[in-house]
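When you get a sec, could you build the whole thing from the sequences and use the hints?
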Amino acid sequence: MKKTVEEHAERFSEKAAAYDDSKSDEYHACASLVIDHAAPEADDVVLDLGAGTGAIALAVAEDAERVLARDISEGMMEEGRRKADDRGLDNVEFAYGEFRDPGLDSDRRVDVVTSNFALHHLADDEKREAIRVMAETGARRIVLGDVAFFEEPDPEAPFYSPEVDDPATVGTLVEAFTEEGFAVTAAERVHDQVAVIVAERVRELPV
Numbered sequence: 001m002k003k004t005v006e007e008h009a010e011r012f013s014e015k016a017a018a019y020d021d022s023k024s025d026e027y028h029a030c031a032s033l034v035i036d037h038a039a040p041e042a043d044d045v046v047l048d049l050g051a052g053t054g055a056i057a058l059a060v061a062e063d064a065e066r067v068l069a070r071d072i073s074e075g076m077m078e079e080g081r082r083k084a085d086d087r088g089l090d091n092v093e094f095a096y097g098e099f100r101d102p103g104l105d106s107d108r109r110v111d112v113v114t115s116n117f118a119l120h121h122l123a124d125d126e127k128r129e130a131i132r133v134m135a136e137t138g139a140r141r142i143v144l145g146d147v148a149f150f151e152e153p154d155p156e157a158p159f160y161s162p163e164v165d166d167p168a169t170v171g172t173l174v175e176a177f178t179e180e181g182f183a184v185t186a187a188e189r190v191h192d193q194v195a196v197i198v199a200e201r202v203r204e205l206p207v
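For the sequence shown, the UniProt record's numbering assigns the number 207 to the last residue and increments by one with no breaks.
Take these hints with a grain of salt, some might be off.
To be verified - Simulated DEER-style distance windows between Cβ atoms:
| no. | residue 1 | residue 2 | range |
| --- | --- | --- | --- |
| 1 | 88 | 205 | 32 to 38 Å |
| 2 | 152 | 29 | 20 to 26 Å |
| 3 | 107 | 85 | 24 to 30 Å |
| 4 | 154 | 25 | 14 to 20 Å |
| 5 | 86 | 202 | 38 to 44 Å |
| 6 | 171 | 85 | 40 to 46 Å |
| 7 | 107 | 153 | 41 to 47 Å |
| 8 | 181 | 100 | 15 to 21 Å |
| 9 | 41 | 156 | 29 to 35 Å |
| 10 | 156 | 43 | 23 to 29 Å |
| 11 | 205 | 96 | 24 to 30 Å |
Source of the hints: derived by calculation from the structure; they are not laboratory data.
Note that this is a predicted model, so its numbers are computed, not measured.
For every residue, glycine included, the Cβ atom is placed at its ideal position computed from N, Cα and C.
In C-alpha cells:
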C-alpha cells in the first residue's frame with residue numbers, strides 16, 4: 001500500500017461530498033456490472049468492501065436481506081448513510097472495516113461479497129490476503145470491479161494514479177481467487193485497465 005490506511009481515509013473523507021459527481025464512465029459501467037453479477041437473493045447478506053458512498057451497497061439492498069457496507073472513511077460512510085435515509089433503506093449498515101479486517105462478528109453470515117474500485121490501493125500480496133479474508137466469510141460468490149490490467153498500461157495515460165494506486169493484473173487476481181477455492185466464471189473488460197471479476201465457490205471451507 002503506497003499510503004497508510006489513515007492517509008487514504010483522510011483523502012477520501014475530504015472529497016466525500018463531491019465523490020459521486022467526480023466518477024468516470026468506466027467507474028459507473030463497472031459498478032453496474034458488479035451490481036448485476038452480485039444478484040443477491042431475498043434472504044442473502046451482502047458484504048460490500050470499500051463501500052464508499054454506497055454505489056453498490058444501496059443498489060443491492062433492494063434485493064438482499066441485509067447489506068454490510070464497510071469503509072475506512074467516515075466522510076464517505078456519512079454520505080452513504082444520508083443516501084440510505086433518503087431512499088428509505090433500513091437494511092444497510094455502514095461501519096468501519098478494512099479489506100483484511102472487515103470488522104464482522106464471528107457468527108455473522110455472509111452470502112455475497114462485493115467491491116468496486118477499492119482493492120487497487122493494496123499491494124499484490126495484500127490483495128491476496130484480502131481475497132483470503134473474503135473467502136473466509138463463507139460467501140458463495142465474490143464480485144470484484146477494479147482497476148486491473150488486461151495488458152501493460154500506457155505509461156503516458158494510466159487510468160489510475162501511480163502515487164496512490166497499485167493495480168494488479170487480471171491474471172494475478174484470478175489466481176488469488178482460484179487458490180481460495182473459487183472458480184472465476186467471468187472476467188469482463190470494461191477498459192484495458194478496468195475489469196469485473198466474478199468468482200463462485202467450488203471448495204467448501206474446512207469444518
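Hint-by-hint comparison with the structure:
1. 88 / 205: 32 to 38 Å: Since the Cβ atoms of residue 88 and residue 205 sit about 36 Å apart, the hinted range of 32 to 38 Å holds.
2. 152 / 29: 20 to 26 Å: For residue 152 and residue 29 the Cβ distance comes to about 22 Å; the hint holds.
3. 107 / 85: 24 to 30 Å: With a Cβ separation near 28 Å, residue 107 and residue 85 satisfy 24 to 30 Å, so the hint holds.
4. 154 / 25: 14 to 20 Å: holds (18 Å)
5. 86 / 202: 38 to 44 Å: holds (40 Å)
6. 171 / 85: 40 to 46 Å: holds (41 Å)
7. 107 / 153: 41 to 47 Å: holds (42 Å)
8. 181 / 100: 15 to 21 Å: holds (18 Å)
9. 41 / 156: 29 to 35 Å: The hinted range 29 to 35 Å is violated for residue 41 and residue 156, with Cβ atoms some 45 Å apart.
10. 156 / 43: 23 to 29 Å: violated (49 Å)
11. 205 / 96: 24 to 30 Å: holds (25 Å)
Of the numbered hints given earlier, the model fails hints 9, 10; all others are met.
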